[in-house]
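Trainee: Each chain is listed here by its residues.
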Amino acid sequence: MLNTPTPELLNQLKQIVGPSGVVDQPQDIAPYLVDHRKLYRGATSLVLRPESTEQVSQILKLCHAHHIGVVPVGGNTSYCGGATPSSAGNEIVVSLSRLKRIRHIDPDNYTLTVEAGCVLAEVQQAAEAADRLFPLSLGSEGSCQIGGNLSTNAGGTAVLRYGMARDLVLGLEVVLPDGRVLDDLNALRKNNTGYDLRDLFIGAEGTLGIITAATLKLYPLPRTRVTALVAVDDPAAAVALLSFLRSSGSDALSTFELMPRIAIELVCRHIAGINDPFDDTHPWYVLIEASTAQLTDHLTEELSEVLVRSQQNQLVREVLLAQSSSQREFFWRIRETIPEAQTRAGGSIKHDVSVSISDLPKFIEEGTALCKGIAPEGVMVIYGHLGDGSLHFNINTPDAGAHPEFFAKKTALNNAVHELAMRYRGSISAEHGIGQLKRDELVEFKNPVAMQLMHTIKQALDPHGIMNPGKVLAGD
Amino acid sequence: MSKILVCIKRVIDYNVRIRVKPDGSGIVTDGVKMSINPFDEIALEEAVRLKERGIASEVIVVSLGPTETQQQLRVGLAMGADRAILIQHDTAVEPVTVARAFLKVVEQEAPLLVITGKQAIDDDNAQTGQMLAALWNRPQACFASRLEINGNSALVTREVDDGMETLEVDLPAVVTTDLRLNEPRYVKLPEIMKAKKKQLDVLMLNDMGVPVSQQFTTLKVSPPPVRQKGVLVKDAKELIDQLKLKGVLQ
Ligand SMILES: Cc1cc2nc3c(=O)[nH]c(=O)nc-3n(C[C@H](O)[C@H](O)[C@H](O)COP(=O)(O)OP(=O)(O)OC[C@H]3O[C@@H](n4cnc5c(N)ncnc54)[C@H](O)[C@@H]3O)c2cc1C
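Chains as they are written, first to last, in our numbering: chain A, 1 to 476; chain B, 1 to 250.
Okay, chain A solo, but in the shape it has when bound (with noise of 0.2 Å):
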């Protein structure tokens, strides 16, 4: 059983990261009260804001000796309300947003050291200042933190070329729930020595630990892109195409990204300076990037015979290539200003699913068969990474009114989707994660045996369960 700090302890953690570190007063507790979605609120009475890996030791020692949750917090931008305290206010925040020096950064061996509270923009800037590239690129990357990026292991944009955020991490650094420091920062790609310790911590939304830094891995900066805005008739065509586009030799295809005609359509309408560039309709979209180090030509030459291919088979409609930095970052502003637009035009409920790129097109059309059936008032945004096979399966309220009757079908929406999902094998969190949103709903879906076994780490781990209560499985 957790407590309730007593005001000596809270003191005490207080005196820990001194007066600049401790938030306590009750409107700047407020931000960190409620998730980026609004959908939770919570309670505390004191937020910390350690600037070095000693004092988040400090405050982990004394929170396990005196069973206190904690909540970890990088930029608050959690899709499922990971990050958010309890409404019983008992549990005590943790912010990393002061842990955030770029320790080392080292061209030759492609890597670079940060620390957890590091903003995602700057780190990427950090590797391009040394003439080298951070791929992880998501919507959120302004305010997100890579603390929070590998806590829950995020996706993005590029993942079809270089993975999820824990293919790009070499050696972590975390404390653990009693305090103890897990000083694993090694900076190698050959490290066979006993159980990756490492890939327990990413991907665990702040269960077993805080991840204080983190030694990342670096790519080649891309000299040239070739970018471009496909016109295809249906999701089975984008499949094909990106097929066709990987066996025509595209080693260097980085991006994949699936929108539906709904979407243009609603940045058109809700985000200022964006029409749409094609003279005429179309059911789909597909915005495709391919880049190399190399400053060349051939890509672009490369990629358009391939499309031009691609468009006399039918399998696209019509090409859009950018000739400018300009129209480039114009196509990206489309995909990446689709969140937006939705939450301007009114309501939704989000899933984050994933199946095997083959089975998508008939997972689109029975999942809208589906949807359809049981809130025909909805509107159907299915977007998403069809590079890496996962969807945002969303449903909009007709327009931006209140729709009680249409948010009364949420679990049977929430559930149709799900269980189509697991009927392709696929994923109920594809790269959001659990948190507090899907966590009932986990225990429906996984495997028992995995679960049992994720009890049994965070049993050993953290046998206090001092460590995000309530977030991915549900304390006792």
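Hints listed in this document are in silico derivations from the structure and should not be mistaken for laboratory results. Treat the hints with caution; some may be incorrect.
As the list claims (entries may be wrong) - Under 7 Å between C-beta atoms, here's a sample of chain A residues computed to sit facing chain B:
| no. | residue |
| --- | --- |
| 1 | Pro277 |
| 2 | Thr292 |
| 3 | Leu295 |
| 4 | Leu320 |
Said to hold, decoys possible - In silico PhoX-like links for lysine-lysine, alpha-carbon gap of 20 Å or less:
| no. | chain 1 | residue 1 | chain 2 | residue 2 |
| --- | --- | --- | --- | --- |
| 5 | A | Lys362 | A | Lys372 |
| 6 | B | Lys51 | B | Lys229 |
| 7 | B | Lys51 | A | Lys100 |
| 8 | B | Lys220 | B | Lys234 |
| 9 | B | Lys3 | B | Lys198 |
| 10 | A | Lys14 | B | Lys234 |
Note that the Cβ used here is the ideal one computed from N, Cα and C, for glycine as well.
Starting from the known structure of chain A, arrange chain B with the ligand on it as the hints suggest.
Mentor: Below, chain B with the ligand alone, put in the same frame as chain A:
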């Protein structure tokens, strides 16, 4: 019928982080992405639109630069220019030399209109269009945000400090383009393929009888001073104290 000549420049892409050479002799251009000067892209778009509206019969895109400039000319052809001319020269030249070289092409082609960007984003000279008009002895209307052709004259609206100014110029004339004139189009794949087959003539600057003057010498190129890290202040009082300390407030 009438021709439009569009002058474009190959410049470092505006997205590239500019680096100064360690010896201060210039900026690093090796391995750096190059693009059409964005203002010139607007000039191209305007010319192609005039052709689409039946006001011009042919759009010719011209540039002075190294042989790689053919890439930017091909983009111009994909956007809708009919043919391209490269005046090849491997080192950078001053605006007056560029204007003199373009004048040769103008004399050859006798266009109704020459359109170019109001300035190039690399050295920000904003001189080539004006010099070309002077050498050609024809009117100029610079920084256009609207362009309307009526027979033998053009109405050109330009943004000035206190509002909008509209000029009427006799054609032929030189017009330079501002950002607000239009938004360049998105190029469809078939146009890009077609552009590969369009005519692209190469002239050598050294064979054109153009004096290559060197009136300026670059003494030193240096990066702007690095911005100082900001400080966080607790309250208004500390802010005022800090400002006084820095001598901003008395
Ligand atoms: C506009 C927008 C677009 C997005 N696009 C994507 C996308 O394409 N792909 C994707 O995967 N996600 C996406 N997300 C979701 C979100 O940005 C990611 O999950 C991100 O990785 C969260 O980082 P954060 O720093 O904000 O973490 P937070 O929200 O602060 O925390 C997330 C979880 O990690 C824990 N945590 C945070 N820091 C630490 C730490 N140092 N140690 C231990 N635990 C920690 C928290 O307790 C919480 O459980 C998007 C979000 C938004 C708002």
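Trainee: Each hint: holds or not?
Mentor: Going through the hints against the structure:
1. Pro277: Check passed: Cβ of A/Pro277 comes within 4 Å of chain B, closer than 7 Å.
2. Thr292: Given a least distance of 12 Å, the restraint on A/Thr292 is violated.
3. Leu295: holds, 5 Å
4. Leu320: Where the cut-off is 7 Å and the nearest Cβ of chain B is about 4 Å from A/Leu320, the hint holds.
5. A/Lys362 x A/Lys372: holds, 15 Å
6. B/Lys51 x B/Lys229: Roughly 52 Å separates the two Cα atoms, so the pair is violated.
7. B/Lys51 x A/Lys100: violated, 56 Å
8. B/Lys220 x B/Lys234: Cα-Cα ~42 Å, so violated.
9. B/Lys3 x B/Lys198: holds, 17 Å
10. A/Lys14 x B/Lys234: Holds - the C-alpha atoms of B/Lys234 and A/Lys14 are around 18 Å apart, at most 20 Å.
Comparing the model with each earlier hint shows violations of hints 2, 6, 7, 8; every other hint is respected.
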